[in-house]
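All chains should be modelled from the sequences, with the hints used to inform the complete structure.
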Amino acid sequence: MQEKLTTLTEAIAPINDGDVVALQNMATQAAPMALVRELIRQEKRDLGLVVLVGGMAVDWLAGAGVINRLIGAAVTMEQFGLCQQYRQGVEAGRIRVEELCETVLNARLGAGARNLPFLPTRGAIGTDLIAQNPDNMKLIDDPFGGFPVVACRALRPDVALVHAHRADRFGNIQYEPTIMWPDISIMPRAAKRVIVTAEEIVDTEVLRRHPERTVLPGFMVDAVVEVPHGAHPTSFFPNYGYDSEFHREWAAAARDPEQATAFIDRYVRAPSSQAEYLEAIGRWEEDQ
Amino acid sequence: MTSDWRDSPRAGDYSVDELMITVLADQFHDGDQACNGMASFLPVAAFMLARLTHAPELVWLASAAGLEPRPERIPASTLEAPLWRDSIMYLDQYTVFWDIVLNGRWLEKFCVGAAQLDQYGNANNSVIGSDYHAPKVRLPGTAGLGDMGSIGKQLYYWNPNHSPRTLVEKVDFISAAGFLEGGTARERLGLEGGPEIVVSNLAVMDFHPDSKRMRLKSVHPGVTVEAVQAATGFELLHPEGEVPETRPPTDAQVRLIREVIDPDGMCKREFSRRRGTSAR
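So the protein sequences, as listed, match chains A and B.
Take my numbering: the last position of the first sequence gets the number 288, and nothing is skipped along the way.
Take my numbering: the last position of the second sequence gets the number 568, and nothing is skipped along the way.
If you're looking for bench data, these hints aren't it; they were derived computationally from the structure.
There may be inaccurate statements among the hints.
What the hints assert, rightly or not - Lysine-lysine pairs mimicking BS3-like chemistry, simulated, CA-CA at most 30 Å apart:
(1) 458/B <-> 505/B
(2) 556/B <-> 505/B
(3) 397/B <-> 138/A
(4) 556/B <-> 424/B
(5) 138/A <-> 424/B
(6) 424/B <-> 458/B
(7) 458/B <-> 556/B
(8) 505/B <-> 424/B
(9) 458/B <-> 138/A
Claimed, not checked - Now the in silico label distances, taken between C-beta atoms and shown as ranges:
(10) 192/A <-> 425/B: 42 to 50 Å
(11) 140/A <-> 472/B: 19 to 27 Å
(12) 469/B <-> 142/A: 22 to 30 Å
(13) 517/B <-> 142/A: 19 to 27 Å
(14) 342/B <-> 9/A: 52 to 60 Å
(15) 148/A <-> 526/B: 34 to 42 Å
(16) 374/B <-> 1/A: 49 to 57 Å
Computed from a prediction, not measured in an experiment: that's the story for all the values here.
Quick reminder that beta carbons are idealized off the backbone N, C-alpha and C, glycines included.
Structure, rendered in structure tokens:
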């Protein structure tokens with residue numbers, strides 16, 4: 001098996017300005033935040049993001065000027081409110097939104113994963129989503145004579161970024177307790193490259209004890225990096241919950257561009273490693 | 289499970305969130321399956337109340353992720369793990385959850401919250417303003433609502449802030465299909481199902497069977513028909529005869545909500561701040 005173990009810097013370096021990046025994320029859940037911080041530190045520009053539901057990761061990337069478009073179903077931090085930097089970027093026309101409902105996003109990624117030109121869905125019919133996105137959604141006749149369906153054009157992101165519970169140095173990835181969100185199931189299969197951070201790198205023998213928990217085979221993965229607490233401040237079930245205080249701090253700062261920049265400088269640009277990040281946020285002192 | 293809920297007297301003291309929870313709970317029965325998305329405190333409370341009272345066999349897919357969970361109480365998030373504690377099964381959103389939804393045999397009813405709702409029950413959770421690419425307000429987005437309105441489901445809207453800004457003549461953007469332009473517009477596209485009722489903090493509305501325009505069904509105790517109309521951005525149709533009063537919760541229902549389901553008052557947060565994050 002090929003060695004895939006690397007560093008955050010080297011894992012993110014091959015991502016080009018303008019690339020389409022599929023990001024694991026829910027409102028406050030399971031985002032590969034260490035990879036997101038590295039995108040900001042390396043000053044990537046004009047990235048397109050693919051998310052089912054984006055949260056703080058999207059807001060940071062918007063505030064740091066990394067993204068100029070978003071393909072997704074929703075962006076919100078749920079109880080912590082709307083993502084204000086993202087919102088300001090969209091309202092000012094700096095970030096273009098290609099909004100898709102969930103079955104359309106799943107169909108686009110599913111077609112990408114299976115090398116099909118499109119997959120159909122019955123979702124979105126009657127909504128304004130279709131007229132807003134004529135390049136990727138078309139109402140077509142059912143060739144078998146039923147009511148029309150929406151053809152959803154294949155989406156193949158340049159890279160998928162995900163965070164997992166454990167991996168070996170060859171990029172075999174395990175997830176606990178099982179796959180629940182499409183970011184870990186369909187996004188990596190649709191993407192051209194896959195970059196994974198894992199809470200821990202273990203010997204392959206450890207993976208062999210629970211092969212049913214392996215969700216990505218090493219040959220699908222291009223780079224793997226060990227990043228303990230790599231999803232902070234989002235939750236990473238069952239390891240840790242979301243950081244409420246940190247979300248509230250960001251939500252308050254995000255209303256003002258200068259405060260948002262200061263926050264990102266302090267917690268994203270200044271720490272040059274995960275260890276320095278954990279020191280800056282002052283959580284998990286016992287690990288340091 | 290409590291046995292006295294059915295004969296319990298009307299509550300002498302209840303709040304509007306408790307009233308809305310009981311109205312929503314009444315829509316779900318044994319044999320139904322229900323699921324919730326994020327920021328959906330009132331629907332979650334309604335499912336939990338129904339399961340504790342009249343519908344112990346109501347199946348619940350919490351956060352569309354966990355089957356039949358046993359949360360201690362409503363937590364601060366309706367998407368995060370504490371809600372789907374002790375589940376029987378985890379559902380993969382891509383390969384399991386949406387197949388169950390789309391199949392047509394299960395999960396026929398969905399509770400939907402939206403920033404704007406119009407007179408034909410179309411919902412907007414996408415943008416406020418006429419320019420989609422430079423909106424006045426960028427809202428969270430359609431999430432699963434854009435699917436639910438088009439795949440034959442019955443939609444139960446909840447709106448904790450009944451006002452001319454949330455109930456508008458025409459939505460700025462259709463994120464979820466209601467009755468579109470009304471009449472037979474849904475049928476012409478082959479769409480089954482559609483909006484059933486709207487439960488707001490002032491009243492319950494349904495839709496006229498022919499025109500599909502929104503119609504008053506009942507006003508909450510202490511609220512006048514005139515007040516509801518004044519808080520609505522379009523002319524509401526009226527039922528024949530007197531507009532009935534919404535049945536208030538019983539003592540037992542209120543006790544269950546306060547002591548068992550939502551002792552931390554999470555449902556009340558929907559009333560204190562503007563959110564618009566309800567999805568799926």
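Status of the hints after comparison with the structure:
{"no.": "1", "hint": "458/B <-> 505/B", "result": "holds, 21 Å"}
{"no.": "2", "hint": "556/B <-> 505/B", "result": "holds, 24 Å"}
{"no.": "3", "hint": "397/B <-> 138/A", "result": "holds, 27 Å"}
{"no.": "4", "hint": "556/B <-> 424/B", "result": "holds, 27 Å"}
{"no.": "5", "hint": "138/A <-> 424/B", "result": "holds, 27 Å"}
{"no.": "6", "hint": "424/B <-> 458/B", "result": "holds, 16 Å"}
{"no.": "7", "hint": "458/B <-> 556/B", "result": "holds, 28 Å"}
{"no.": "8", "hint": "505/B <-> 424/B", "result": "violated, 33 Å"}
{"no.": "9", "hint": "458/B <-> 138/A", "result": "holds, 24 Å"}
{"no.": "10", "hint": "192/A <-> 425/B: 42 to 50 Å", "result": "violated, 35 Å"}
{"no.": "11", "hint": "140/A <-> 472/B: 19 to 27 Å", "result": "holds, 22 Å"}
{"no.": "12", "hint": "469/B <-> 142/A: 22 to 30 Å", "result": "holds, 23 Å"}
{"no.": "13", "hint": "517/B <-> 142/A: 19 to 27 Å", "result": "violated, 43 Å"}
{"no.": "14", "hint": "342/B <-> 9/A: 52 to 60 Å", "result": "holds, 59 Å"}
{"no.": "15", "hint": "148/A <-> 526/B: 34 to 42 Å", "result": "holds, 36 Å"}
{"no.": "16", "hint": "374/B <-> 1/A: 49 to 57 Å", "result": "violated, 38 Å"}
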